[in-house]
Structure formats: structure tokens, C-alpha cells
Amino acid sequence: MDAILRTENLSVEYRTRGLRQETRPALKGLNLSVSAGEVFGFLGPNGAGKTTTINVLLGFIPPTRGAAYLFGIDVRQPIARQRIGYLPEMTYYYKFLTAEELLRFYARIFALPAPEAGRRIDQLLKLVELNPVRKRLIKTYSKGMQQRVGIAQALINNPDLLILDEPTSGLDPLGRMKVREIIQRLKNEGKTVFFSSHELGEVETICDRVAIIHQGELKAVGGVDEVIGSNHSNLEKAFLDIIGYQPQSAL
Amino acid sequence: MNTIWALTGVVIKELYRRKDFYVLFVLTALLTIAAGSVRFFQDPNIVRYVKDLCMLLIWISALLITIATAARQIPAERENRTIFPLLAKPVTRGQVILGKFFGCWLASGTALAVFYLFFAVITGSREHYWPVLDYLQAFLLQWIMLGIVTAMTLLGSIIFAAPSSTVTILFIVVAGILFLGRHLNTVALHNAEPLRSIIYTIYFIIPHLELFDVRERVVNDWGLVNWLVCGLAALYAAAYTGLFLLLTWLAFRRKSLN
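If you read the sequences in order, they're chains Y and S. Going by the numbering used here, the first residue of the first sequence is number 1, and it counts up by one from there. Going by the numbering used here, the first residue of the second sequence is number 1, and it counts up by one from there.
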């Protein structure tokens with residue numbers, strides 16, 4: 001199957017601030033490939049390079065070496081982002097707009113014709129259960145509601161690939177459940193979902209394949225069962241083992 | 001163009017939903033009404049003086065609104081991180097700059113149009129004289145000038161760290177150009193080299209915003225400026241606006257968003 005998300009020997013180095021501008025590697029030769037229809041979990045501890053990878057995929061930062069492609073197009077070209085949806089970790093939206101206005105704004109960016117945009121906005125607001133409050137300013141929403149607005153904006157162009165950066169971070173159990181249901185529904189519709197998460201139980205339930213990254217290096221990649229292997233009882237134990245975590249009692 | 005107009009719409013929506021914009025707007029409108037309605041024993045000199053004051057107030061307010069609006073557009077996108085979901089769409093940084101520019105320019109034009117309308121109604125009702133074309137020309141020239149100021153401010157907002165410093169620096173620079181720009185060549189003549197060359201260079205580099213100032217003509221009823229001259233002034237402004245937008249894009253295209 002063709003990879004719709006691919007990185008080739010992707011490396012990113014950040015320059016430290018100050019007089020002596022030293023370089024700090026954030027990604028070291030990352031090779032990833034995600035096929036159409038997969039739900040792919042991208043795991044790693046804080047500072048492992050997950051957000052950096054996503055930032056490169058979305059064209060926010062250029063790679064120092066290597067390349068990344070979406071649908072076979074170099075991510076540095078804006079057209080590569082035509083068929084993707086992105087949900088950031090936090091709710092970064094124009095809070096002076098209503099949910100309906102925000103979605104209409106993004107629909108215009110994708111040049112959706114007005115009647116189609118209207119239908120799509122209705123569908124999405126129903127999907128994320130925000131239809132009754134669609135005319136309220138986003139700043140008056142709870143965090144869970146704002147995250148659902150985020151999901152709706154990520155889906156406005158009916159994307160083939162969804163990139164979600166810790167989509168359930170900071171949500172209450174009900175909010176997490178709703179996000180999981182939406183991801184499951186997208187999976188059933190045959191969409192490709194690439195998401196980073198710390199919720200390993202959730203990843204184990206939803207994902208077809210996972211990759212574990214630590215200190216900028218890819219440590220493991222494969223099907224969930226494959227990564228868990230016969231040595232571990234669940235993904236969390238496999239994850240801790242792979243990143244070399246030793247409990248204090250063992251030290 | 002869809003993207004640019006979508007961004008323009010968001011800038012305008014933000015402005016009319018922000019209360020600080022209204023404060024300046026209402027204050028200026030009230031001052032214009034108050035100053036414009038004063039009769040002062042029908043002395044034409046005093047009436048002219050009051051009209052001049054009103055026009056000055058319109059100029060200062062329009063400049064403040066334009067600079068304050070444009071200065072926080074891109075920094076606010078970065079600070080609130082709304083730039084991330086935006087650039088995750090097929091949107092280029094150039095389109096972001098153009099969308100912000102048109103949004104701010106249209107907003108300042110709207111505010112300016114209302115100011116001129118107030119001014120025209122007040123002075124017209126007092127003098128029973130409606131030089132509509134004069135006001136229209138003054139409005140158009142000032143609005144074109146605000147295009148240059150908007151583009152300059154967007155460039156400043158990329159270079160300087162905080163919107164407050166951009167506002168302060170840009171207001172000083174624009175006021176400096178308006179009050180001193182036309183005299184720089186005379187100043188250069190009174191200086192020795194190399195200062196003379198430096199001042200001359202500045203004189204030829206800066207956009208001469210004072211060219212768009214026809215307040216005296218409006219106040220003293222000196223009649224219209226030739227429309228051909230206005231057209232040339234518009235071309236001059238377009239060149240400077242384009243240059244500042246290009247510089248803004250060059251500064252922004254590789255800038256880290258964090």
C-alpha cells in the first residue's frame with residue numbers, strides 16, 4: 001500500500017540561544033511510513049521529538065536534513081496540506097469568533113462552495129455535539145467544547161489524513177471518550193489518523209500500528225501486538241522497557 | 001484570493017468585537033462633534049481654526065487606529081498560537097501577511113470614512129456648504145497613505161518583539177516623517193559631509209507621507225488637487241506599500257513561530 005505520510009532520514013537541530021550558538025538535536029534520522037487507512041500512534045516521553053516531527057510534517061519548521069512527504073508531496077509545499085486535518089494539543093483558535101464562524105473561515109480557506117460549506121458545517125457541529133451552541137463565542141466554551149471545535153475544524157475539508165497532537169490531553173474522562181469515539185468513527189470511514197499521545201491504554205485500543213521515539217531516535221515501530229511482544233503484558237510496559245526506564249526500586 | 005479575503009474578514013471581525021477600538025472611535029467622534037459645532041461668534045478665522053483642529057484629530061486618530069491594529073496582528077497570532085492551525089492548512093505566510101494587510105487597511109478605511117462623514121455633516125450643517133468632492137479626495141488620499149503606514153507597521157511587528165514597542169516606534173517614525181520629512185533636504189544643505197549625504201539618503205528613501213496631506217486645502221477651501229496628481233500619488237504609495245510588504249514577507253517567511 002502507498003505511504004501517504006513518509007519521512008526519510010529526517011533530522012532537526014535546534015540552535016541554542018546565547019553567544020555560543022550550539023546545536024541541539026531534536027530528531028535524528030527518523031524514518032516513518034504511514035499507509036492509507038491506518039490509525040498510527042506516535043509515542044514517546046516528553047521532549048522525545050513528537051511535536052517536532054509534527055511541526056516538520058505541517059511545514060512549521062524546516063528539516064535540518066532529510067525530507068518529509070505527505071501524499072508524496074514535499075511538506076515544504078503548502079499544497080501538501082490540502083488533504084490533511086490538524087488538531088493541535090491545545091485549543092489555539094480565534095476565540096472572538098463563534099464555532100460556526102470559525103468553521104466558515106476555514107471552509108473559505110479550502111475554497112469550499114458556500115452551500116457545501118454550510119452542509120459540512122452542519123454535519124460537523126452535529127458530530128461534535130456543538131450544534132446548540134454554534135452561535136456562541138468560542139471564548140465562552142469549556143475546554144472540552146473548545147477541543148471539539150478543534151476536531152470540527154480539522155475535519156472541515158473532509159481530509160484523508162488527520163494529524164492529532166495529543167488530542168485527549170487535559171480532557172476529562174467524558175471528553176476523552178468522545179474524542180476516542182470520533183477517532184474510531186474516522187477509522188471506520190477509512191481515514192488515516194496519525195496521532196501522538198501519552199494515553200497508552202487508549203493507543204492500544206485504537207491504533208493499528210505504533211512508533212516509539214525517544215531522545216529524537218526511533219526505538220520501535222510496528223503493529224501494536226508486535227511492539228508489545230511476548231515479553232510484556234501491555235503497551236505501557238513495552239513502552240517503559242523500550243525507552244530504558246528503570247523503576248527506582250531496581251536502582 | 002479566497003484565503004486572503006477569509007483572513008481579511010477575520011481581522012475586521014476581531015476589530016469590531018474588541019472594545020478598545022470603540023473607545024478611541026467614540027472619543028474622536030465626540031470630540032469632532034463638539035469641536036465642529038462650536039460657533040465662536042461666526043468669526044471665519046476661528047471657524048477655520050476649529051476645522052483645522054478637527055482634521056488634525058482625524059489624522060491622529062486614524063494613524064493610532066491603523067498602527068495599533070496592524071502592530072498586534074502577527075504577534076497576536078504567534079502569542080495565541082492561532083497561527084499553527086492556520087498554517088496547517090494550505091496557507092502560505094505571504095497570504096497571511098496580505099490578509100492581515102487588507103484587513104487592517106479596510107478597517108482603518110472604514111473608521112476614516114466615518115470620521116469624514118461626521119466632519120462633513122457637522123461643518124456642512126453649520127456652513128450650509130457641502131464640498132463633497134473635496135472631502136472625498138482628502139479621504140482617499142489619507143486612506144492611500146494609511147496603506148503605506150499599515151505595511152510599515154506589519155514590517156515593524158515582525159522586527160520588534162512586543163506590539164507596544166512597535167506602536168511607539170512606528171508612531172514616532174510616522175509623525176517624524178509627516179512633520180520633518182519635507183524639510184530634510186533643507187537640513188541636509190546646512191550640514192557638512194558625510195552627514196549631508198546621510199540626510200539626503202534618508203530624504204530620498206523615506207516614503208513622503210506628507211504628500212497625502214491636503215488638510216489645508218480642505219480647511220481653506222482651496223479646491224481640488226488635480227486627479228492625475230492623485231493617481232500618481234496612488235502609484236507612489238502602491239510602490240512603497242508593495243516594498244514594505246515584500247520586506248515583511250522576507251522577514252517572516254523563515255521566522256520561527258515559537
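Think of the hints as simulated: they come from the structure by calculation, not from any bench. Source: prediction; values computed, not measured. Heads up, some of the hints might be wrong.
[What the hints assert, rightly or not] Here are the simulated DSS-like pairs of lysine-lysine, each with C-alpha atoms no more than 25 Å apart in a straight line:
id, chain 1, residue 1, chain 2, residue 2
1, Y, K135, Y, K95
2, Y, K178, Y, K95
3, Y, K237, S, K255
4, Y, K28, Y, K191
5, S, K255, Y, K28
6, Y, K191, Y, K178
7, Y, K139, Y, K187
8, Y, K143, Y, K126
9, S, K19, Y, K187
10, Y, K95, Y, K28
11, S, K255, Y, K139
12, Y, K191, Y, K139
13, Y, K143, Y, K95
14, Y, K135, S, K255
15, Y, K187, Y, K135
16, S, K255, Y, K187
17, S, K13, Y, K187
18, Y, K126, Y, K187
19, Y, K191, Y, K237
20, Y, K219, Y, K237
21, Y, K219, Y, K126
22, Y, K139, Y, K126
23, Y, K126, Y, K178
24, S, K255, Y, K143
Here's how the hints hold up against the structure:
1. Y:K135 to Y:K95: 12 Å, holds
2. Y:K178 to Y:K95: 22 Å, holds
3. Y:K237 to S:K255: Roughly 40 Å between the alpha carbons, so the hint for Y:K237 and S:K255 is violated.
4. Y:K28 to Y:K191: With Cα atoms ~29 Å apart, Y:K28 and Y:K191 exceed 25 Å; violated.
5. S:K255 to Y:K28: With Cα atoms ~23 Å apart, S:K255 and Y:K28 stay inside 25 Å; holds.
6. Y:K191 to Y:K178: 17 Å, holds
7. Y:K139 to Y:K187: Violated - the C-alpha atoms of Y:K187 and Y:K139 are around 30 Å apart, more than 25 Å.
8. Y:K143 to Y:K126: 18 Å, holds
9. S:K19 to Y:K187: With a Cα-Cα distance of about 44 Å, the restraint between S:K19 and Y:K187 is violated, given a limit of 25 Å.
10. Y:K95 to Y:K28: Given that 25 Å is the threshold and the Cα spacing comes to 37 Å, the pair is violated.
11. S:K255 to Y:K139: 28 Å, violated
12. Y:K191 to Y:K139: Violated - the C-alpha atoms of Y:K139 and Y:K191 are around 30 Å apart, more than 25 Å.
13. Y:K143 to Y:K95: It holds: about 12 Å lies between the C-alpha atoms, which stays within 25 Å.
14. Y:K135 to S:K255: 35 Å, violated
15. Y:K187 to Y:K135: 30 Å, violated
16. S:K255 to Y:K187: The given pair, whose Cα atoms are some 36 Å apart, is violated under the 25 Å limit.
17. S:K13 to Y:K187: 36 Å, violated
18. Y:K126 to Y:K187: This hinted pair holds, its Cα atoms lying about 18 Å apart.
19. Y:K191 to Y:K237: Distance of about 29 Å is beyond 25 Å: violated.
20. Y:K219 to Y:K237: Satisfied, since the Cα-Cα distance of roughly 14 Å is no more than 25 Å.
21. Y:K219 to Y:K126: 40 Å, violated
22. Y:K139 to Y:K126: 20 Å, holds
23. Y:K126 to Y:K178: 13 Å, holds
24. S:K255 to Y:K143: 30 Å, violated
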